[in-house]
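K.L.:
Read top to bottom, the protein sequences are chains A and B. The opening residue of the first sequence carries number 1 in this note's numbering; numbering runs sequentially from there. The opening residue of the second sequence carries number 241 in this note's numbering; numbering runs sequentially from there.
Source of the hints: derived by calculation from the structure; they are not laboratory data. Since this is a predicted model, take the numbers as computed values, not measurements. You may find that some hints are simply not true.
Listed next, with one range per pair, are the computed distances between beta-carbon atoms [claimed, not checked]: (1) Pro49(A) x Glu429(B): 20 to 30 Å; (2) Thr93(A) x Glu408(B): 37 to 47 Å; (3) Thr93(A) x Ala380(B): 41 to 51 Å; (4) Ala65(A) x Thr568(B): 32 to 42 Å; (5) Pro49(A) x Gln281(B): 34 to 44 Å.
Every residue gets a Cβ at the ideal spot worked out from N, C-alpha and C, and that includes glycine.
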Amino acid sequence: MRRLIVLMSIGAAVVFGAYVFSNDRINSAAFAASGGIISGRVVFVGDPPAAKKIKVTKDNDKCGAEVTAEDLVVSPDKGIQNAVVSVSGLKGTPVKTDTSPTLDQKGCTFRPHILIVPVGTGVDILNSDGVLHNFHTYSNKNPVLNKAQPGFKKKMSETFAQPEVIKINCDAHPWMSGWIVVTDHPYIDATDNTGAFKIVDVPPGTHTVEVWHETLGKVTKTVTVKAGEETKLTIELAKK
Amino acid sequence: MKGFLVFPILGISVLIIASISKTADLKPPPPTPQLVALGKQIYSQQCIACHGAGGRGDGEAAYLLYPKPRNFIAANYRMVSTWDRVATDDDLFNTITRGMPGSAMPSWGHLPIEQRWALVYYIKSLAEKPLTVKAQKEPAEDGSGGEGLIAVPPEPTYDTTAKARALELYKEACASCHGATGRGDGAQEQTDAEGYPIRPRDLTTGIFKGSPDPVSLYRHIVAGIPGSPMPMSDWAYGQDAWHLVHYVRSLSSDTQRERVEMKRFLIEAARVQTLPTHPDSGVWRLASPVNLHLMPLWWRSNRPEEVTVRAVHDGKELALLMVWQDETNDHTALRPQDFRDAAAVQFSLTANPPFFAMGDKSAPVNIWMWKSERQADLEPAFQDLEKVYPNIGIDSYPNLSRSALEQAHRNALTLESDPTFVTGWGAGNIVSDPQRKSPVEDLSARGFGTLRARPLIDQKVDARGVYGENSYRVMFRRTLKGSGQGSVALQPGTTVPVAFAVWNGSAGDRDGKKSVTIWQELRIAK
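Just chain A, with the same shape it has in the complex (with noise of 0.2 Å):
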């Protein structure tokens, strides 16, 4: 009987934590009452040019023959993948999910290609691939990280402690890039494979849109908010 009291408490517990923390959410969930939804799709303008394929001169076992730049992906509809959709000039705590955000080394490639992270969490950083990468940061605002990370070591956490989009590479495997988009407030989403965002709880108003994608620039685009609506947009992007 002891026993069952004990357990229940635990589970009382756990239910109550995991209550406290989508606190939160039914927060936002209640204010997104009074807000808005901004989503569409970003699609690229004109033919874009064939995915670049890089050879593979290393670590082939874990890493192939060659692999595909990522710095440039356009789905059959042209619809542009990793570009970071944010709305800008809005202040409010970043959503946090219920596991770190994890940043994989997989294939010696990024994954994701793009991270959101909110400032202050912890970031997972993976290696499994289990040969040596080094995680290389390039920063202003926050310290320039890189770290040695051979197989052995599968995964080790780093925090970001201000906003700012943080390039990433790996000096082991050159041809590795990624970006972790460190953020200060909920309002940014990152295209997925078919170009598409999605961005919820934004307080009714008249706002910029701001799209950044690494290798085509950034564009800003003005949007009016309306109450439990969705606004869809469609963002162009061209080569310069």
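Following the hints, complete the assembly by docking chain B onto the known chain A.
P.N.:
Relative to the frame of chain A, chain B by itself:
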């Protein structure tokens, strides 16, 4: 267990001795405004040519140098011994003292300790973001979260178990870039933070940018080298980093490691009865050879590492011998793509020498430069352009519709031409004179781009160079007194600052692309 304890204690005492003898950080003077001002003064004399007046690494000589001089404003230092990868005062002091082998940063260990600290405080004052070293904080078990100076644990013994562990770690964590055998041949193209190409170090050559002493090396392995691809290896903190220190040091020898440090040596010019008349003369046995360390300004791995210098005098004349290794005898410079081998001796005209590269505006230097193709011109014959490009001199063809008397003259420049109408030759430029009987030029310079020949009547240096056995032996001779203004006076009983340079033509060396020593001391015996 007892036996185990003895080793760390031994290790600590070894460490203490090592750190005292290596780093002169006994007690740094406080950074007073006077000391910063002194630093500025030394900086403007010794550092400005490469690091620039504003400290942005953009001095007059910067274009000749690779790796590039450090920018003191951005202050992204390579050699750091902290978890936060910020250079400590000791890091800066040690870099100034030892220089940075693998770059054109020479050692300044010959400057008094106070002056080196003055430089540390001055260059620190240039940083746009102040260099602050956090308080020491030990990292967690996995090596993460350390702050401040990296504490170095006592040195463990390097036994067979430790070696096996070192080899395993090297394979897992280092071989990817430094190569399986440590030759820096991991397959990848890399760039530094400024975008310049950079290669992993060949660990068998003994070139260590930071000090190879075990404690410094330990910190450089753990902290990595900021601005380069060399990453931090916090996971190695503890015993593993020590094993790697031992393994990496075992790939090169003390001799190799010492040879890459640019140091000041003393060359004794002994007094002899009869001066040598040839580079291979037996008289040279009376002079003690000094091996001087050379560094290429544009760093490359295939380079002359040393030049051996001997000097003697007979009270009237000085004879100086330079011997260095060179696998190719590049003695023609006729085609545009050819460059000659050469050697030069540079003298300061003042006891307190100016900047070691070509002097400066206020303090000219006297340079004797020997050129291999000038030597070849003397023995056996002048290397005429026709030798490489036969019939290049034919610049007009007979016009068959005219008479022989009306044909244009052949007017290529040859030895038969009248010097009056050949500008350089006519003006007495020694470089343009095809009949010159000396392979050496007596020159003077007041900084970069100011090299010029001294007057014809003052060209009194004699030289003779021979090549064989993959090496050059070049002898210079000149009267102690010299001739004319701007020639160095070599009084018996005095010490003269002297520096050397060597060019390897087949490596593309010419002008500012060369290997040099820093100022050395030439003592002329009474």
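K.L.:
Evaluate each hint against the coordinates.
P.N.:
So, going through the hints one by one against the coordinates:
1. Pro49(A) x Glu429(B): 20 to 30 Å: holds (22 Å)
2. Thr93(A) x Glu408(B): 37 to 47 Å: holds (46 Å)
3. Thr93(A) x Ala380(B): 41 to 51 Å: violated (28 Å)
4. Ala65(A) x Thr568(B): 32 to 42 Å: Because 40 Å falls inside the window, the suggested range holds.
5. Pro49(A) x Gln281(B): 34 to 44 Å: The hint (34 to 44 Å, Cβ to Cβ) is violated, given that Pro49(A) and Gln281(B) are roughly 57 Å apart.
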